[in-house]
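Q: From first to last, the protein sequence lines stand for chains P and E.
What the first sequence shows, in our numbering, is residues 1 to 243, in sequence order.
What the second sequence shows, in our numbering, is residues 1001 to 1402, in sequence order.
What the hints contain is simulated information worked out from the structure, not anything from laboratory work.
Any given hint could turn out to be false.
Computed footprint of chain E on chain P; a stretch qualifies when at least three of its residues, placed anywhere within it, have a C-beta under 8 angstroms from a C-beta of chain E [said to hold, decoys possible]:
| hint | stretch |
| --- | --- |
| 1 | 49-58 |
| 2 | 79-91 |
| 3 | 103-113 |
Note that CB positions come from ideal geometry on N, CA and C, so glycine has one too.
So you can see what is in the structure, the chains are spelled out below.
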Amino acid sequence: MATQIQLAGIERVFHLGDSEVHALRNLNLSIAAGEYVAVMGPSGSGKSTLLNLLGLLDRPNTGLYRLEGRDVTTLSSDEQARVRSERIGFVFQSFHLVPRLTAAENIALPMVLAGMAPAQRNARVKQALKDYGLENRADHRPDELSGGQRQRVAIARATIMQPAMILADEPTGNLDRATGEEVIRLLEALNAQGVTLIMVTHDAALGARAHRQLLMEDGAVQHDQRRETSTPSTVTPACAAPT
Amino acid sequence: MRSADLIRFARDAATGNPLRASLLVLAMAIGVAAVVVLTALGDGARRYVMNEFSSLGSNLVIVLPGRSQTGGFSPGNAITNTTRDLTIDDAQALSRASAVARVAPLVVGTSEISAGGKLREVMVAGTVSQYAEVRNMAMAQGRFLTAGDWGRGASEAVIGAKVRDEIFGNTPALGQLVRVGDRRFRIVGVLATSGQGLSMNTDELVFVPVSIAQSMFNTNTLFRILIEANGRNAIEAAKAQVADIIKLRHEGEQDVTVITQDAVLATFDKLLGALTLGVAGIAAISLAVAGILVMNVMLVSVSQRTAEIGLLKALGATGSGIRMVFLTEAIMLSLAGALVGYGLGQLAAAVIRQLYPTFPAYPPDWAVIAGLATAMVTGILFGVLPARRAAQLDPVQALSKR
């Protein structure tokens, strides 16, 4: 199994006034391509900081982050933006859709930012709208969509650049149980296609569905537990490879 | 980002908040409109004065007694005393110069005109028949003074339109006898109304032959000699020849001032051009104010849209990409404001032209271009800071704002 993410000796310290807060302490972690990982733990345990670090939105104070064998901590911010654009998809708790853009335009946004040709964009958006059952919602703005539809738009947007991993920060936190379940199934389907799924969640039931659970406390991983029933080894390496 | 996408994204962002966008456009429009209108007024004043001076007569060279220390036109010329006066003989000598077409001597004094029991104080101008051609004067009735020996004039007078109205009212003036000072004259002509003029108002003048005027005012000197050159290109030659002839006749002393209409025009042109420039500068301040408003509104916009900026970064936008998005928005709003302002300014100038048809209130091209360019530059300049701030936002913090 190819190691996709490798963290070694990661420290992240925030300065709040005079006091130092160690959000992450000497974190060592490696995640293989195609894994389904749930990150759990109490508030302030460093879950979100870890996710931001993995998504290259934040830099560690010390330590090494290798993404697909490449040291990404020393990249310039423009190079990091390129990695985010091509390899990483984000799904947020509060969806973060641009309110003035339609569903289709929101989905197309990463491709617009990457400078992709309109013809290619339109084809992909059309396919994504179809895949996520949003065909008759394409021209609606986010405030005209239900919570579940909004999160489906957000997932379509996260996957439109065909990333190697999806980072989800409490993707069901603002949804009711039924819609949340539907969203999780979409994410799991993506994982089944070989995309690495890393999800921060408070919900123990949701976390239990993941193949691997990381329990964090005080900026360190307390438990790293794998469920043996359905390992990522069922996924063929070809699918896990970057497309 | 492709430029078409960039422009569309910025446009959507701008129109997404119509109040903000329209305020910005309004501020910029007022600035540009101020530049257009104020320069139209300034340049209109310049053109108006130029037109008035051109109506003095074409290819005019004027000889003044007394030497002027400064070249060109100065108020001192009007009051300087001279040791050696200009005489009719001087004027006659000048008419023999090759570059000179016509010469008209001028004597001016005040006297009283009376006829039919009415009395009025008037300016009396003593001159010769050529004066009418040199000054392009039109007659309402009759004719101007007769040509003949300058030293011996007939007792005839030509009166201005206003003098005619006040002395004769509705009764015919032509052929009537009037008393000017202690002499009697027969009226041979009435001048056409000259309208408003910057020069001596001919409506209130009485013209009599130069020799008679000189004896009336007990003088043998001239107030001015007006000369019409042979053409526009001959003006300089005429000026030089006139100076030489007078110098020769005045024992080698250059004791007169020769000015050309061009010099007078150039002085006024410079003066009023500077005025227009100054007015444009004042208007430009309003553009700078508009620029600062652009900056403020864009800064507010950046802080309102932090979540969006964080999202764009998470979706792979680079710092320079985000900078471009905000800069494009500022430029687009400034450009829209500049165009609206240009339209408003032209409209206001047209209204002024409608209200005052004699006043040519057209904004000069340079002012329009400078106004539009300044609007663009201020938009870019004051858009840079907000755009930089947006680009430097920490994506983690930006996203954590709900």
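Q: All hints, please: hold or fail.
A: Against the structure, the hints:
no.: 1; hint: 49-58; in the structure: holds (count 4)
no.: 2; hint: 79-91; in the structure: holds (count 6)
no.: 3; hint: 103-113; in the structure: holds (count 4)
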